[in-house]
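Peer 1: Please construct the entire structure, taking both the sequences and the accompanying hints into account.
Quick note, the sequences are listed as chains H and V, same order.
The first sequence: position 363 = 363 (full-length UniProt numbering), numbered continuously.
The second sequence: position 136 = 136 (full-length UniProt numbering), numbered continuously.
The set of hints was computed from the structure by calculation and includes no laboratory data.
Some hints could be false.
[Stated by the list, open to error] Here are the in silico distance ranges between beta carbons for each label pair:
no., chain 1, residue 1, chain 2, residue 2, range
1, H, D267, V, D191, 53 to 59 Å
2, H, R180, V, G49, 43 to 49 Å
3, V, P156, H, R271, 53 to 59 Å
4, H, Q310, V, R31, 26 to 32 Å
5, V, S28, H, E46, 36 to 42 Å
6, H, A35, V, R298, 55 to 61 Å
As the structure is a prediction and not an experimental result, all values here were calculated from the model.
Where is the CB? At the ideal position from N, CA and C, for every residue including glycine.
Protein chains: 2
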Amino acid sequence: MNPGSDVTLRDVARASGCSVSTVSRVLSGSRPVGADAARRVREAAERLGYRPNQVARALRSRSTATVGLVLPQITNPFYPALVRELTHVLDERGRAVLLADCDDDPGTEAARIEALLARQVDALLVVPVDEERSRTAVAAAAGRVPLVLLDRSCGPGIADLVAVDNTAGMALVLDHLAARGRTRPCYIGADGTNSAAAERRAAYEVGAAALGAPPRLALGDFSAAWGRAAVDRLWNRESGPEPDALVCGNDLIALGALQRLRQLGVDVPGRTVVTGFDDIPPADLADPAVTTVRQPVRDIAVEAVRLLEQRLDDPAAFPCRTVRLAPQLVIRASTEPGDHPAHGTGDTAPSAPGPTGGTAPAPRSPDSPSASHSSKAAQ
Amino acid sequence: MNPGSDVTLRDVARASGCSVSTVSRVLSGSRPVGADAARRVREAAERLGYRPNQVARALRSRSTATVGLVLPQITNPFYPALVRELTHVLDERGRAVLLADCDDDPGTEAARIEALLARQVDALLVVPVDEERSRTAVAAAAGRVPLVLLDRSCGPGIADLVAVDNTAGMALVLDHLAARGRTRPCYIGADGTNSAAAERRAAYEVGAAALGAPPRLALGDFSAAWGRAAVDRLWNRESGPEPDALVCGNDLIALGALQRLRQLGVDVPGRTVVTGFDDIPPADLADPAVTTVRQPVRDIAVEAVRLLEQRLDDPAAFPCRTVRLAPQLVIRASTEPGDHPAHGTGDTAPSAPGPTGGTAPAPRSPDSPSASHSSKAAQ
DNA sequence: TTGAAAGCGCTAACAT
DNA sequence: ATGTTAGCGCTTTCAA
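Peer 2: Here it is, written out as structure tokens:
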């Protein structure tokens, strides 16, 4: 009924008249093997429906070909695309992914990391919950296996990091607004304690100041609910002049803000424009569709795996590296009237073609001794 | 620097003055052990920072405490919530999750399943890509390990299945429309070859007929793009009378349809109402927010894991079982004018309180010898 | 209750 | 180029 269920190397060896080592060598290609022996082995393996037991292989070779992927909250709509790319890239290299969700809790995160290490993952990919409160667990884990941080940092010198260049992304947004003559922007973001929140907020402050805009921030969390609440606050109270641009820290906030603005009857993009960050799937389903900063998700995945495998080859070869990838501004109807007439998917202007770097001298911490690469793939 | 990296059972044995077997028994609790020996062992283990090597354990005990989760496309916004619940439920029981994404391709799916089996997963959770083209691989896998299908079937008698009761869900929608006096509904769905698509479509047909509505279907795929296209087709051509209700096969379609209706200036819910299915996160970010059928995601996860563990305990105990969980209608502004005034998250009416079963005698195939349970958790 | 010993299925030395 | 032999770290007989 199910051939191959418990066929072992020894069975193949017997059936092919070779020794187990020869069979092992043929099947794992670790050493040169005689042509006809190889053929006989392959035949026998095929015939018996042999499939190597990866657990046994792992125990002996001290490598599970498995990496742990630790996410703060998989329900954050930015992560599914990242997971997709990572699993594909890793799968191509024969590696499997053990997934862990942390419910946005550093304690849970520490526990999950522990569990993954006990399962002997070869390496870890971590999007840390919090810049500070994740540090201990992440640092400890990084001492045991190669570990690459994704999307968010965890303090300098802890581990390799691959993330979008938040500073450059914010600069793209501000340039876009400036070109459209917006002079009273307000930032709706998160005061969250993860690094992406901090970077975007800081980049906005610096960039807006450079443009001569009044420094105005509304800080809550990265949710649509906060987007709605922030609009209520900005429009219903005596909180200064009405903004003519809402620069949102991520797309969820932008979506929530847009929803409330429409309910209040505020014309977008006429009276105020709205921008997001990340380019999550629903961003172009809103009405108007949201102008946003697209993260180079595929590149992030490729880059992260590259760093990981370098560490696997030689764990001590480099000091901690930070790779910043250039984002792309996706202009949609929330900042550009009349545009994007029908086929809602319409992204308009690709931008930021070249290396990143941004307009503003933003807070890129002196993360590591090594360079802070940029541009599409930092080779 | 990193205690516990290579502390083994033998080290603990030496340090505690016991034999490895005693240590093993203490730590895995497999057999009664003397009180003070136990204490000494625990102390030593603690002190050395010992953590059991799960790979070695797995090799010996023939159980990896790992399940494979195979998804058609993790970027489908319905799955992240499911993944979240599953990982949490499994984690509570000490099991880890190996995740695989199939890119909606049955060939890839077969390969991923093979890879997971080679890694000796104890069991598989699969959302099959296609009702027919996934069958061979799924059936083969089900012959090797316990396998539970989620969300979509794969033909009768192949494996256990846990899914929402699509028929009941569609009945909730149709009742809701009928109560609002809508008489010219149109179904915008998918002619896709997965079972959820087929069930929803069939349930609509049967239910709409029962209400005396003209049978009208527009079939494409489960995407927002198709929602837009379908609306174009229904409004721009001479394709019969203008519908006063769009019953969409999932939320993405509904979101796309809504977007286009707004662009065409069609008032929702005044001139036509729109409903979705699944209740994915962006459904309540649209404007108007989408009335939809919420899947009991948590229950699906709990139920699936329950079935899995039963099979693990005794693989041949039962024939294939199908568990159908009752959905809930979430009424929002796309069918209910004036409602849901400000705080967009506002879900309105919980419904479908009791057992499921629906209005229409829909195509619930004679799946298995065993019963087709229903209601919230089929105990 | 505890210990000694035999493997789980494979790979990696070490021989030849 | 191939075979023989030890284990990887753990659980589990089997004795005591």
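Peer 1: Indicate, hint by hint, whether the structure satisfies it.
Peer 2: Evaluation of the provided hints:
For the pair D267 of chain H and D191 of chain V, the beta carbons lie near 39 Å from each other, so the given range of 53 to 59 Å is not met. Take R180 of chain H and G49 of chain V: their Cβ atoms lie about 58 Å apart, and the range 43 to 49 Å is violated. Checked against the hint of 53 to 59 Å, the pair P156 of chain V and R271 of chain H passes, with Cβ atoms roughly 58 Å apart. Taking the beta carbon of each, Q310 of chain H and R31 of chain V are about 45 Å apart, not inside 26 to 32 Å as hinted.
With their beta carbons about 38 Å apart, S28 of chain V and E46 of chain H fall inside the hinted range of 36 to 42 Å. For A35 of chain H and R298 of chain V, the Cβ-Cβ distance of about 57 Å falls inside the hinted range of 55 to 61 Å, so the restraint holds.
Going down the numbered hints, you'll see the structure goes against 1, 2, 4, while the others check out.
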